[in-house]
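K.L.:
Sequence:
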Amino acid sequence: MTDRDRLLAILKQRSFTHRPEQPFQLSSGKTSPYYLDGKRTTLDPRGAVLVGRLCFERLKGRGITAVGGLTLGADPIALAVALTSELNGEPMRAFIVRKEAKGHGTQNWIEGGLEPGSRVAVVEDVVTSGRSICQAIQRVKEAGHTIVAVLSLVDREEGGAKAVEEASGLPLESLFRLGDFLKR
1 MTDRDRLLAI
11 LKQRSFTHRP
21 EQPFQLSSGK
31 TSPYYLDGKR
41 TTLDPRGAVL
51 VGRLCFERLK
61 GRGITAVGGL
71 TLGADPIALA
81 VALTSELNGE
91 PMRAFIVRKE
101 AKGHGTQNWI
111 EGGLEPGSRV
121 AVVEDVVTSG
131 RSICQAIQRV
141 KEAGHTIVAV
151 LSLVDREEGG
161 AKAVEEASGL
171 PLESLFRLGD
181 FLKR
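Numbering (our numbering) for the sequence shown: 1 to 184.
Derived by calculation from the structure, the hints in this document are not laboratory data. Cβ atoms here follow ideal geometry from the backbone N, Cα and C, with glycine treated the same way. Errors might be hidden in some of the hints.
Said to hold, decoys possible - Lysine to any residue pairs mimicking SDA-like chemistry, simulated, CA-CA at most 25 Å apart:
#1 K39 to R4
#2 K141 to E90
#3 K183 to E21
#4 K12 to V148
#5 K141 to A163
#6 K99 to P171
#7 K162 to V148
#8 K39 to R14
#9 K12 to S32
#10 K12 to G179
#11 K12 to G61
#12 K12 to K39
#13 K39 to Q25
#14 K162 to G179
#15 K162 to R131
#16 K183 to A167
#17 K141 to N108
#18 K60 to M1
#19 K60 to R4
#20 K99 to A167
#21 K162 to E142
#22 K183 to T71
#23 K141 to L114
#24 K183 to L170
#25 K30 to A167
#26 K99 to L79
#27 K30 to R177
#28 K30 to V49
#29 K99 to R131
#30 K141 to G179
#31 K12 to E57
#32 K141 to L170
#33 K39 to L182
#34 K60 to E21
#35 K183 to Q22
#36 K99 to R40
Unchecked claim - Using C-beta positions, here's what the derived DEER-type ranges look like:
#37 L87 to L43: 17 to 23 Å
#38 Q22 to L170: 35 to 41 Å
#39 E90 to R19: 37 to 43 Å
#40 L87 to R6: 15 to 21 Å
Could you build all of it, start to finish, from the sequences and the hints given here?
P.N.:
This is the structure:
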(Lines of atoms letter the chains of each structure in order from A and count residues from 1; the text may use other names and numbers.)
(Lines give C-alpha, C1' and ligand atoms only; values in the text may rest on other atoms or scores of the structure.)
Protein backbone atom coordinates (compact mmCIF):
# COMPACT_ATOMS: atom_id res chain seq x y z
CA MET A 1 0.00 0.00 0.00
CA THR A 2 1.38 3.42 -0.99
CA ASP A 3 1.34 6.59 1.14
CA ARG A 4 -1.36 7.93 -1.19
CA ASP A 5 -3.50 4.84 -0.59
CA ARG A 6 -2.96 5.15 3.17
CA LEU A 7 -3.92 8.82 3.17
CA LEU A 8 -7.03 8.18 1.09
CA ALA A 9 -8.08 5.45 3.55
CA ILE A 10 -7.67 7.85 6.49
CA LEU A 11 -9.54 10.61 4.67
CA LYS A 12 -12.39 8.21 3.88
CA GLN A 13 -12.53 6.98 7.46
CA ARG A 14 -12.06 10.25 9.35
CA SER A 15 -13.02 13.10 7.02
CA PHE A 16 -15.63 11.95 4.50
CA THR A 17 -19.35 11.75 5.23
CA HIS A 18 -22.12 10.82 2.78
CA ARG A 19 -25.57 11.81 3.98
CA PRO A 20 -28.05 12.03 1.06
CA GLU A 21 -31.09 12.14 3.35
CA GLN A 22 -29.87 15.32 5.06
CA PRO A 23 -27.50 17.29 2.78
CA PHE A 24 -24.78 19.47 4.28
CA GLN A 25 -24.63 23.25 3.98
CA LEU A 26 -21.18 24.09 2.57
CA SER A 27 -19.27 27.31 3.19
CA SER A 28 -19.85 28.15 -0.49
CA GLY A 29 -23.59 28.30 0.30
CA LYS A 30 -24.38 25.19 -1.72
CA THR A 31 -25.76 22.00 -0.25
CA SER A 32 -24.25 18.58 -0.86
CA PRO A 33 -24.82 14.99 0.23
CA TYR A 34 -21.01 14.78 0.69
CA TYR A 35 -18.96 16.52 3.34
CA LEU A 36 -15.18 16.51 3.68
CA ASP A 37 -13.68 17.82 6.92
CA GLY A 38 -9.98 17.80 6.07
CA LYS A 39 -8.92 18.89 9.55
CA ARG A 40 -10.08 15.55 10.96
CA THR A 41 -7.22 14.03 8.93
CA THR A 42 -4.62 16.81 8.90
CA LEU A 43 -4.75 17.07 12.70
CA ASP A 44 -4.43 13.30 13.13
CA PRO A 45 -0.78 12.26 13.72
CA ARG A 46 -0.68 9.58 11.01
CA GLY A 47 -2.69 11.77 8.65
CA ALA A 48 -0.36 14.72 9.23
CA VAL A 49 2.74 12.63 8.48
CA LEU A 50 1.21 11.38 5.22
CA VAL A 51 0.00 14.86 4.24
CA GLY A 52 3.49 16.25 4.90
CA ARG A 53 5.16 13.56 2.81
CA LEU A 54 2.78 13.66 -0.14
CA CYS A 55 2.56 17.44 -0.34
CA PHE A 56 6.33 17.81 0.01
CA GLU A 57 6.82 15.30 -2.81
CA ARG A 58 4.61 17.48 -5.02
CA LEU A 59 6.38 20.72 -4.08
CA LYS A 60 10.06 19.80 -3.76
CA GLY A 61 12.59 20.91 -6.32
CA ARG A 62 10.70 24.08 -7.32
CA GLY A 63 12.64 26.57 -5.23
CA ILE A 64 9.70 27.09 -2.87
CA THR A 65 10.74 28.78 0.37
CA ALA A 66 7.39 28.80 2.18
CA VAL A 67 4.03 27.05 2.20
CA GLY A 68 0.74 28.22 3.67
CA GLY A 69 -2.74 29.49 3.09
CA LEU A 70 -5.88 30.83 4.67
CA THR A 71 -6.35 29.87 8.29
CA LEU A 72 -7.67 27.27 9.41
CA GLY A 73 -7.75 24.61 6.69
CA ALA A 74 -4.23 25.33 5.46
CA ASP A 75 -2.51 25.63 8.85
CA PRO A 76 -1.88 21.94 9.67
CA ILE A 77 -0.93 21.22 6.03
CA ALA A 78 1.63 24.03 6.03
CA LEU A 79 3.18 22.84 9.28
CA ALA A 80 3.28 19.20 8.12
CA VAL A 81 5.05 20.24 4.90
CA ALA A 82 7.45 22.54 6.78
CA LEU A 83 8.48 19.74 9.15
CA THR A 84 8.83 17.22 6.32
CA SER A 85 10.82 19.66 4.19
CA GLU A 86 13.31 20.26 7.01
CA LEU A 87 13.74 16.52 7.55
CA ASN A 88 14.44 16.16 3.82
CA GLY A 89 17.00 18.96 3.58
CA GLU A 90 14.86 21.38 1.54
CA PRO A 91 13.36 23.62 4.25
CA MET A 92 10.15 25.50 3.54
CA ARG A 93 8.71 27.86 6.14
CA ALA A 94 5.06 27.63 7.13
CA PHE A 95 2.93 30.76 6.92
CA ILE A 96 -0.66 31.65 7.77
CA VAL A 97 -2.94 34.06 5.94
CA ARG A 98 -5.37 35.66 8.38
CA LYS A 99 -9.05 36.09 7.55
CA GLU A 100 -8.77 39.63 8.89
CA ALA A 101 -5.72 41.82 9.36
CA LYS A 102 -4.20 41.68 12.82
CA GLY A 103 -5.96 44.40 14.82
CA HIS A 104 -2.88 45.57 16.71
CA GLY A 105 0.90 45.73 16.46
CA THR A 106 2.04 45.10 12.88
CA GLN A 107 -1.52 44.62 11.55
CA ASN A 108 -0.23 41.80 9.35
CA TRP A 109 -2.38 39.73 7.03
CA ILE A 110 0.34 37.07 6.78
CA GLU A 111 2.11 35.46 9.74
CA GLY A 112 5.32 33.47 9.49
CA GLY A 113 8.07 35.99 8.89
CA LEU A 114 8.37 35.56 5.11
CA GLU A 115 11.22 37.32 3.39
CA PRO A 116 10.07 39.91 0.83
CA GLY A 117 9.48 38.31 -2.58
CA SER A 118 9.38 34.73 -1.24
CA ARG A 119 8.55 31.88 -3.64
CA VAL A 120 5.56 30.18 -2.06
CA ALA A 121 3.01 27.41 -2.42
CA VAL A 122 -0.55 28.19 -1.38
CA VAL A 123 -2.36 25.19 0.12
CA GLU A 124 -5.87 24.27 1.25
CA ASP A 125 -7.50 21.14 2.59
CA VAL A 126 -10.71 21.04 0.52
CA VAL A 127 -11.52 23.24 -2.49
CA THR A 128 -15.15 23.63 -3.55
CA SER A 129 -15.82 27.08 -5.05
CA GLY A 130 -12.23 28.19 -4.45
CA ARG A 131 -13.26 31.26 -2.46
CA SER A 132 -10.96 30.61 0.54
CA ILE A 133 -7.89 29.65 -1.42
CA CYS A 134 -8.41 32.59 -3.80
CA GLN A 135 -8.57 34.93 -0.80
CA ALA A 136 -5.19 33.56 0.32
CA ILE A 137 -3.78 33.93 -3.21
CA GLN A 138 -4.88 37.58 -3.28
CA ARG A 139 -3.24 38.37 0.08
CA VAL A 140 -0.01 36.58 -0.88
CA LYS A 141 0.18 38.51 -4.16
CA GLU A 142 -0.56 41.82 -2.40
CA ALA A 143 2.33 41.10 -0.03
CA GLY A 144 4.65 40.81 -3.04
CA HIS A 145 5.37 37.09 -2.94
CA THR A 146 5.62 34.83 -6.00
CA ILE A 147 3.18 31.94 -6.09
CA VAL A 148 4.89 28.89 -7.56
CA ALA A 149 2.20 26.27 -6.83
CA VAL A 150 -1.36 25.96 -5.58
CA LEU A 151 -2.14 22.62 -3.94
CA SER A 152 -5.15 21.09 -2.20
CA LEU A 153 -5.74 17.77 -0.54
CA VAL A 154 -9.13 17.41 -2.22
CA ASP A 155 -10.75 19.14 -5.19
CA ARG A 156 -14.52 18.70 -4.98
CA GLU A 157 -14.63 19.53 -8.71
CA GLU A 158 -17.26 22.24 -8.29
CA GLY A 159 -15.54 25.17 -10.00
CA GLY A 160 -12.74 25.85 -7.54
CA ALA A 161 -9.96 24.76 -9.90
CA LYS A 162 -11.08 27.28 -12.51
CA ALA A 163 -11.29 30.05 -9.89
CA VAL A 164 -7.76 29.20 -8.67
CA GLU A 165 -6.36 29.33 -12.19
CA GLU A 166 -8.02 32.70 -12.82
CA ALA A 167 -6.70 34.11 -9.53
CA SER A 168 -3.17 32.72 -9.69
CA GLY A 169 -2.45 31.90 -13.32
CA LEU A 170 -1.56 28.40 -12.14
CA PRO A 171 -3.48 25.15 -12.21
CA LEU A 172 -4.86 23.77 -8.98
CA GLU A 173 -2.92 20.63 -8.12
CA SER A 174 -4.82 18.19 -5.90
CA LEU A 175 -3.86 14.96 -4.21
CA PHE A 176 -7.45 13.70 -4.56
CA ARG A 177 -10.72 14.52 -6.28
CA LEU A 178 -14.24 13.89 -5.04
CA GLY A 179 -14.48 10.91 -7.40
CA ASP A 180 -11.74 9.14 -5.42
CA PHE A 181 -14.12 9.01 -2.45
CA LEU A 182 -17.03 7.65 -4.45
CA LYS A 183 -15.18 4.63 -5.83
CA ARG A 184 -15.83 1.39 -4.01
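K.L.:
Against each hint, give a clear statement of whether it holds in the structure.
P.N.:
Results for each hint:
1. K39 to R4: holds, 17 Å
2. K141 to E90: holds, 23 Å
3. K183 to E21: holds, 20 Å
4. K12 to V148: Not satisfied, since the Cα-Cα distance of roughly 29 Å exceeds 25 Å.
5. K141 to A163: Distance ~15 Å between K141 and A163 Cα, so the pair holds.
6. K99 to P171: holds, 23 Å
7. K162 to V148: holds, 17 Å
8. K39 to R14: holds, 9 Å
9. K12 to S32: This hinted pair holds, its Cα atoms lying about 16 Å apart.
10. K12 to G179: holds, 12 Å
11. K12 to G61: Violated, because 30 Å separates the two Cα atoms, which is more than 25 Å.
12. K12 to K39: With a Cα-Cα distance of about 13 Å, the restraint between K12 and K39 holds, given a limit of 25 Å.
13. K39 to Q25: Holds, because 17 Å separates the two Cα atoms, which is no more than 25 Å.
14. K162 to G179: holds, 17 Å
15. K162 to R131: holds, 11 Å
16. K183 to A167: Violated: K183 and A167 sit about 31 Å apart, past 25 Å.
17. K141 to N108: holds, 14 Å
18. K60 to M1: The given pair, whose Cα atoms are some 23 Å apart, holds under the 25 Å limit.
19. K60 to R4: The hint holds at about 17 Å.
20. K99 to A167: This hinted pair holds, its Cα atoms lying about 17 Å apart.
21. K162 to E142: Answer holds: K162 to E142 is near 21 Å, not above 25 Å.
22. K183 to T71: violated, 30 Å
23. K141 to L114: holds, 13 Å
24. K183 to L170: violated, 28 Å
25. K30 to A167: The hint holds at about 21 Å.
26. K99 to L79: holds, 18 Å
27. K30 to R177: Given pair K30, R177 holds - Cα atoms ~18 Å apart, limit 25 Å.
28. K30 to V49: violated, 32 Å
29. K99 to R131: holds, 12 Å
30. K141 to G179: violated, 31 Å
31. K12 to E57: The given pair, whose Cα atoms are some 22 Å apart, holds under the 25 Å limit.
32. K141 to L170: With Cα atoms ~13 Å apart, K141 and L170 stay inside 25 Å; holds.
33. K39 to L182: Holds, at about 20 Å.
34. K60 to E21: violated, 42 Å
35. K183 to Q22: holds, 21 Å
36. K99 to R40: holds, 21 Å
37. L87 to L43: 17 to 23 Å: Given about 19 Å between the Cβ atoms, the range holds.
38. Q22 to L170: 35 to 41 Å: holds, 37 Å
39. E90 to R19: 37 to 43 Å: Holds - the Cβ-Cβ distance for E90 and R19, about 41 Å, lies within 37 to 43 Å.
40. L87 to R6: 15 to 21 Å: Between L87 and R6, where Cβ atoms are some 18 Å apart, the hint holds.
Figure legend: structure checked against the earlier numbered hints; hints not met, in rising order: 4, 11, 16, 22, 24, 28, 30 and 34.
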